[in-house]
Amino acid sequence: MLYNVLSGNCCGSSIFVIGGVSVVKVNGEMMDAAGKNIAVLLTEMNCVSGRVAVELNEEIVPKSTYGETILKDGDSVEVVRFVGGG
Amino acid sequence: MNVNIPTKEEMFHALEERHGSDFQKKISKASGAVCGLGGLGSNIAISLARAGIGRLHIIDFDKVDISNLNRQQYFADQLGEFKTKALGDTLSRIAPYCEIVSHCVRLTEENIPELLKNDDVVCEAFDSAEQKAMLVNCILEKFPEKYLVSGSGMAGTGSANLIKTRRITDHFFICGDESSDVEEAGSLVSARVMVCAAHEALMAIKIITETI
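Heads up: the protein sequence lines correspond to chains A and B, in order.
When you line the first sequence up against this note's numbering, it's residues 11 to 96, in that order.
When you line the second sequence up against this note's numbering, it's residues 1303 to 1514, in that order.
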């Protein structure tokens, strides 16, 4: 049985999810994204892959591996979206 | 023009008095790259030169255009000059003992590994989102040990307080509001671009003087 800490401390007590929900932290928010690959995650977030950098657990994910990098329970993902201007 | 510029020792001493000895020793030995010499890059380079960085690597392929003068650190009498030359001249007047290395070239995935291999800290200062993403991905993949500061989101006239420095990893920081795109905002205003450039320059200085 899985015990996942979802949101840390809330009013002094932790919230646990018991059972099958697997969560991934994406840009600081908990999402039910485990099992998806990075390419799918970016599509769901309406991101243009040529305008982002993706960090998985503090390490860069090479663009060439977006389609084969599968998110796991407990992963932390940071999607940096670039906008124009400089 | 006054040709009686201070000696190297006098310049170092003046900076040391203002910044502190430890700060000045560290920054005078550091090398920083500024990639793109537009509104962000020209201001970042000037801030780093004024802080007393030892080696400044400036890179851009473009020439100074009249449309740059609203926010970029060039003069009306420099129109048509390559930005590397025009900014290099200005930087040499500000910091005559800073080693300025310039490359008048468009950075690509192919030439980045060779061109940026000697820089401790890289400041991304391009204007297009795709170019920003290309440089950031390339540096993070090829040089995970380097420090990278990037700028994203400084268009329009939204509050300057929305522009922040955010740590992505120990080696990668992003400055800007991360949302105002020039295509949507329709403008790039010097005061707001300079806020973002100042965030990038200060982060680079903090990395050099407090981390490396």
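There's no promise every hint is true.
Just a sample of chain A residues kept apart from chain B, beta carbon distances all over 12 Å, derived [as the list claims (entries may be wrong)]:
(1) Ser-32
(2) Glu-39
(3) Met-41
(4) Glu-65
(5) Glu-69
(6) Asp-83
(7) Arg-91
DSS-like, lysine-lysine: derived pairs with alpha carbons at most 25 Å apart [claimed, not checked]:
(8) Lys-1331(B) to Lys-1419(B)
(9) Lys-1444(B) to Lys-73(A)
(10) Lys-1365(B) to Lys-73(A)
What follows is a set of in silico ranges between Cβ atoms, one per label pair, in the way DEER data are often shown [unchecked claim]:
(11) Glu-54(A) to Asn-1413(B): 31 to 39 Å
(12) Asn-47(A) to Glu-1311(B): 52 to 60 Å
(13) Gly-1460(B) to Glu-54(A): 26 to 34 Å
(14) Glu-54(A) to Phe-1377(B): 16 to 24 Å
(15) Asn-67(A) to Asn-1413(B): 45 to 53 Å
(16) Ile-80(A) to Arg-1469(B): 32 to 40 Å
What the hints contain is simulated information worked out from the structure, not anything from laboratory work.
Every residue, glycine too, gets a C-beta built ideally from N, C-alpha and C.
Is 26 to 34 Å respected by the C-beta to C-beta distance linking Gly-1460(B) and Glu-54(A)? For Gly-1460(B) and Glu-54(A) the Cβ distance comes to about 27 Å; the hint holds.
So Glu-39(A) supposedly isn't at the interface. Is its beta-carbon more than 12 Å from every beta-carbon in chain B? Its Cβ never comes within 12 Å of chain B, the nearest being 15 Å, so this holds.
Range first: 52 to 60 Å. Now tell me if the beta carbons of Asn-47(A) and Glu-1311(B) are that far apart. holds, 58 Å
Chain B versus Asp-83(A) - minimum CB to CB distance exceeding 12 Å, so not interface: Answer for Asp-83(A): holds, closest chain B Cβ roughly 21 Å.
Look at the Cβ atoms of Glu-54(A) and Asn-1413(B) and judge whether their distance stays inside 31 to 39 Å. At roughly 34 Å between Cβ atoms, Asn-1413(B) and Glu-54(A) fall inside 31 to 39 Å, so the hint holds.
The hint says 45 to 53 Å between Asn-67(A) and Asn-1413(B); measuring C-beta to C-beta, is that right? This hint is violated: roughly 30 Å between Cβ atoms.
Run the distance test for Lys-1365(B) versus Lys-73(A): straight-line Cα separation, threshold 25 Å. violated, 31 Å
Glu-54(A) versus Phe-1377(B) beta-carbon gap, inside 16 to 24 Å or not: violated, 48 Å
Say whether it holds or is violated: Ser-32(A) keeps its Cβ farther than 12 Å from all Cβ of chain B. holds, 24 Å
Quick one: are Ile-80(A) and Arg-1469(B) within 32 to 40 Å, going by C-beta? violated, 26 Å
Test the statement that Arg-91(A) is away from the interface with chain B: the closest C-beta pair must be farther apart than 12 Å. violated, 7 Å
Confirm or reject: Glu-69(A) is not an interface residue toward chain B, with every Cβ-Cβ distance exceeding 12 Å. Nearest chain B Cβ is 8 Å from Glu-69(A), so the label is violated.
Hints 4, 5, 7, 10, 14, 15, 16 from the earlier list are contradicted by this structure; the remaining hints agree with it.
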